[in-house]
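Just need the whole structure built from these sequences, with the hints factored in.
There are 2 protein chains.
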Amino acid sequence: MLNLRTLHTTDSDFETAFRQVLHWSADTDAEIEGRVADILAAVRQRGDAAVLEFTARFDHLQVASVAALELTRDELKAAFDGLPPEQAQALNQAAARVRSYHERQKKACGESWSYRDEDGTLLGQKVTPLDRVGIYVPGGKAAYPSSVLMNAIPAQVAGVPEIIMVVPTPRGEKNPLVLAAAYVAGVHRAFTIGGAQAVAALAYGTDTIPRVDKITGPGNAYVASAKKHVFGQVGIDMIAGPSEILVLADGTTPPDWVAMDLFSQAEHDELAQSILLCPDLDYIGKVREAIERLLPGMPRQAVIRASLEGRGALIHTRSMEEACEISNRIAPEHLEVSSRDPHRWEPLLRHAGAIFLGAFTSESLGDYCAGPNHVLPTSGTARFSSPLGVYDFQKRSSLIEVSEAGAQVLGPIAATLAYGEGLQAHAQAAEFRLRRTAAD
Amino acid sequence: MLNLRTLHTTDSDFETAFRQVLHWSADTDAEIEGRVADILAAVRQRGDAAVLEFTARFDHLQVASVAALELTRDELKAAFDGLPPEQAQALNQAAARVRSYHERQKKACGESWSYRDEDGTLLGQKVTPLDRVGIYVPGGKAAYPSSVLMNAIPAQVAGVPEIIMVVPTPRGEKNPLVLAAAYVAGVHRAFTIGGAQAVAALAYGTDTIPRVDKITGPGNAYVASAKKHVFGQVGIDMIAGPSEILVLADGTTPPDWVAMDLFSQAEHDELAQSILLCPDLDYIGKVREAIERLLPGMPRQAVIRASLEGRGALIHTRSMEEACEISNRIAPEHLEVSSRDPHRWEPLLRHAGAIFLGAFTSESLGDYCAGPNHVLPTSGTARFSSPLGVYDFQKRSSLIEVSEAGAQVLGPIAATLAYGEGLQAHAQAAEFRLRRTAAD
Numbered sequence: 002m003l004n005l006r007t008l009h010t011t012d013s014d015f016e017t018a019f020r021q022v023l024h025w026s027a028d029t030d031a032e033i034e035g036r037v038a039d040i041l042a043a044v045r046q047r048g049d050a051a052v053l054e055f056t057a058r059f060d061h062l063q064v065a066s067v068a069a070l071e072l073t074r075d076e077l078k079a080a081f082d083g084l085p086p087e088q089a090q091a092l093n094q095a096a097a098r099v100r101s102y103h104e105r106q107k108k109a110c111g112e113s114w115s116y117r118d119e120d121g122t123l124l125g126q127k128v129t130p131l132d133r134v135g136i137y138v139p140g141g142k143a144a145y146p147s148s149v150l151m152n153a154i155p156a157q158v159a160g161v162p163e164i165i166m167v168v169p170t171p172r173g174e175k176n177p178l179v180l181a182a183a184y185v186a187g188v189h190r191a192f193t194i195g196g197a198q199a200v201a202a203l204a205y206g207t208d209t210i211p212r213v214d215k216i217t218g219p220g221n222a223y224v225a226s227a228k229k230h231v232f233g234q235v236g237i238d239m240i241a242g243p244s245e246i247l248v249l250a251d252g253t254t255p256p257d258w259v260a261m262d263l264f265s266q267a268e269h270d271e272l273a274q275s276i277l278l279c280p281d282l283d284y285i286g287k288v289r290e291a292i293e294r295l296l297p298g299m300p301r302q303a304v305i306r307a308s309l310e311g312r313g314a315l316i317h318t319r320s321m322e323e324a325c326e327i328s329n330r331i332a333p334e335h336l337e338v339s340s341r342d343p344h345r346w347e348p349l350l351r352h353a354g355a356i357f358l359g360a361f362t363s364e365s366l367g368d369y370c371a372g373p374n375h376v377l378p379t380s381g382t383a384r385f386s387s388p389l390g391v392y393d394f395q396k397r398s399s400l401i402e403v404s405e406a407g408a409q410v411l412g413p414i415a416a417t418l419a420y421g422e423g424l425q426a427h428a429q430a431a432e433f434r435l436r437r438t439a440a441d
Numbered sequence: 002m003l004n005l006r007t008l009h010t011t012d013s014d015f016e017t018a019f020r021q022v023l024h025w026s027a028d029t030d031a032e033i034e035g036r037v038a039d040i041l042a043a044v045r046q047r048g049d050a051a052v053l054e055f056t057a058r059f060d061h062l063q064v065a066s067v068a069a070l071e072l073t074r075d076e077l078k079a080a081f082d083g084l085p086p087e088q089a090q091a092l093n094q095a096a097a098r099v100r101s102y103h104e105r106q107k108k109a110c111g112e113s114w115s116y117r118d119e120d121g122t123l124l125g126q127k128v129t130p131l132d133r134v135g136i137y138v139p140g141g142k143a144a145y146p147s148s149v150l151m152n153a154i155p156a157q158v159a160g161v162p163e164i165i166m167v168v169p170t171p172r173g174e175k176n177p178l179v180l181a182a183a184y185v186a187g188v189h190r191a192f193t194i195g196g197a198q199a200v201a202a203l204a205y206g207t208d209t210i211p212r213v214d215k216i217t218g219p220g221n222a223y224v225a226s227a228k229k230h231v232f233g234q235v236g237i238d239m240i241a242g243p244s245e246i247l248v249l250a251d252g253t254t255p256p257d258w259v260a261m262d263l264f265s266q267a268e269h270d271e272l273a274q275s276i277l278l279c280p281d282l283d284y285i286g287k288v289r290e291a292i293e294r295l296l297p298g299m300p301r302q303a304v305i306r307a308s309l310e311g312r313g314a315l316i317h318t319r320s321m322e323e324a325c326e327i328s329n330r331i332a333p334e335h336l337e338v339s340s341r342d343p344h345r346w347e348p349l350l351r352h353a354g355a356i357f358l359g360a361f362t363s364e365s366l367g368d369y370c371a372g373p374n375h376v377l378p379t380s381g382t383a384r385f386s387s388p389l390g391v392y393d394f395q396k397r398s399s400l401i402e403v404s405e406a407g408a409q410v411l412g413p414i415a416a417t418l419a420y421g422e423g424l425q426a427h428a429q430a431a432e433f434r435l436r437r438t439a440a441d
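So the sequence lines, in the order shown, correspond to chains A and B.
When you line the first sequence up against my numbering, it's residues 2 to 441, in that order.
When you line the second sequence up against my numbering, it's residues 2 to 441, in that order.
Identical chains share a label here; the pair holds if one copy fits it or two copies do between them.
Keeping only pairs whose Cα atoms sit at most 30 Å apart, straight-line, the calculated DSS-like set for lysine-lysine is:
no., residue 1, residue 2
1, 127, 229
2, 127, 108
3, 175, 229
4, 175, 78
Source of the hints: derived by calculation from the structure; they are not laboratory data.
Every value quoted in this text rests on a predicted model; they were computed, and no experiment measured them.
In structure tokens form, the structure reads like this:
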């Protein structure tokens, strides 16, 4: 018997119960913060020597120099060549689709633009790739080759000339799929280091490891704390919380499909969150029955059970409209609109990392190979942030070329406002362009 | 006599001297951090009551309720109506140009897009405005109405339905230009609160002040620390360091213009940085002469002198090409290409917040009214970040609709990779879409 809660929006205590389900604290552990600060300071001061010490201590990996921790491009290729053909092909196909999507993304929103106004003044933005980025790839049980593709390919499509991967290999154990994915995704250099020390090496640079401009990729609490710490020194992507799925169902999808989609989030870890929103109580019962029936067959059933009982919920709503409103309050990472008429509901959905439309769009297809990125905002941050994309590996510079005629129009406006702010040099700089020409 | 350093790239100690000029530490004060953490916790726990207490203590403003700190739309309008006509007109003209530029920006990179692949699978991204944003406007000497325009207008163009401004008014003194700018820029609500307590109120919400999704705008060390603290709970823009200008000159611009442009950055504060890069030593001498001659006439000469002597530099380079390389190392906030042939050098410039092309494009024209945003990345962060823009007030959601045919193609790829990662529910969710159709 699975202890999975059902909530009804008509219940008087719904609001309290709903808030309890959503509650998740991103507060960081002060002890971890302190240890991370020490590691960052050590790497900043002592560079390679500190990286070697921490790698020996935390990853039980003893080498003579940081250079010995670099994986050559040949090693990455050998890992790819050693894969079972089916895996090699799946990796290639997934990479091709992810690349194709991100190329479209670059075209849609990542190109320079400019225009001239009636005075001949040129205005626009120049879009350029970052010079060098670092991609953190976790080791151990959370080693996902698909995450290598999802982080490295947008950087590659953006045109970043140097993509550096770091991945811890505790006791020297390398994950061949991760190395193969790095090969397929076009990673330029790779080091077998991890933890806060890897983040520090990328943020500050050492004699062996070059300083990067941005660090992306998921990691444990130490990595997350280190990334938050170096933010400003370098760019970072979002700090990811536990993964979440929200299925908004109108009752037309086979209940087994929905049950398995809820499992596919719950199997990540005990803190992952799977929620079903549906106005059809009878259908909710069928999904619950499917969950009970399918669960014993799942290899990761212990994790799935803990996740569903701890953080899962089946929510019975008054209507699909109300389900959409609740979805907006949750702002989920993954949102499946499991409906015969998904385009009816999509316009009502304002906040979500990714929206999966229709019964055939299982989240797992999007996780691996549909094309869009699987690095998505969690814990309600879809209210204000976006999937990882090509734009994360580019930056923009405003372009302004004021014509002589334009300077005569803009000068008095700028001078008036500058004097109003008490900034006389600003005002005079504008006025100098009024009084004489560049020729004298 | 002004003690402004000249460096020559040919000098053997150039590298050391150059690094010294650039050195600026963004490290935050532990004492400030501690006080800010206390303020944030108090507002989080006690809401309005804490906001009132801190406002009384820090701004010497005693009122009975937070509601009494709200500025009505009528008060904002009255401030605008009370302006001298020249100021009112300048504000309107600047706002119109800034709005027009940001509308172009939204068209160029802020619209939803999608496409269908050969299987009929729909892929794309939906771009939506944030629900509610907070704009921090400093009080006192750094009260800049132009910053109100630059923060609020991109949010308005993005379509944010609720823009909330906070501005401290120590002892109740209100800046009419700031209030008028809020009116012109379409701010929806405004509260006369400031400091870390204002950031906390916006991030967590109180009974009176609604919780926002993102907080932008400059502030003092307390505000910066508070913003960094609440990052993740809400979105924030970059934490700004001291303002900087870099003038890259080929020696064809009147030296007085360049001198005044250097002043216009230096007059902001003692930590602001003004640097000239030029291959023509004779011209550098003329700029220095202009600086010495013009400085005594500047009302803010004390600040300008402190800034130029503390952080300024005239750098003599071997060539314009070398000047461009050095500019890329600096990654300045404002970059003037003061050349007869700015388009020759622009392609060599990879990192800058804004690039001002040609002698007529003084930075101050861009600061107020050319159109592009004046909120720009500082302290070398132009390596990885961008001007404030419409995109900061939007977020993206991936859209995926896999067709039945598409699910047959994608399913085996996803399943292979999911099994490779040990995530069986992911694999089965994909396989369920292979075995049967939505109809059964």
